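Novice: Residue numbering for the sequence shown follows the UniProt record's numbering, starting at 1 and increasing by one per position.
Since the hints were derived computationally from the structure, they do not count as laboratory data. This one's a predicted model, so the numbers in the text were calculated from it and none came from an experiment. Ideal Cβ placement from N, Cα and C applies to all residues, glycine included. One or more of the hints may lead you astray.
As the list claims (entries may be wrong) - Here are the computed distance ranges between Cβ atoms for each label pair:
#, residue 1, residue 2, range
1, His-106, Gln-156, 21 to 27 Å
2, Arg-66, Asn-114, 17 to 23 Å
3, Lys-103, Gly-62, 25 to 31 Å
4, Pro-89, Val-20, 33 to 39 Å
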Amino acid sequence: MSSERPPEMRNLWARLVTRVVHGYFAYARGMTLGVRAACFDAEGRVFLVRHSYVPGWHLPGGGIERHETAQQALAKELREEGNLLAGDPPRLFHVYFNRRTSKRDHVLFYVCANVRQSAPKRPDREIREAGFFSLDALPDGVTPATLRRLDEVAGQIPPADFW
1 MSSERPPEMR NLWARLVTRV VHGYFAYARG MTLGVRAACF DAEGRVFLVR HSYVPGWHLP
61 GGGIERHETA QQALAKELRE EGNLLAGDPP RLFHVYFNRR TSKRDHVLFY VCANVRQSAP
121 KRPDREIREA GFFSLDALPD GVTPATLRRL DEVAGQIPPA DFW
């Protein structure tokens, strides 16, 4: 069973936290909908975050709250996770079903170009590390899903239906 889970969900603590958070969202929302983005700066580097509650480096993003548009949620998550300001308007790249995390979770995946930071992101309770990385020098521990999304954006593989 654990071989079917992505590496970031093989950790017992990560699974427990994810289950509790999704349990709350199931009660509060019924179905979860989130946003993530591949954010590139003017130099073509991608922004990644390392969370405190799941292992690995991820693309920034999070859940869409009630009474919040996808664009508002994306701007909020980019600001909270990286002090990021979008340059060009975000472009919806694909919609994924995230069945490995939950049986009711969907992710709207955006590509953001010419993104900049208003200030360096300082570690906090949610984000341990964050930064821009050259695509040929990604940090150790980038999640397989993140690598797949970057390959899809680069046109190296077609977009999948599942996160």
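Novice: Mind listing which of the numbered hints don't hold for this structure, in increasing order?
Specialist: 2, 3
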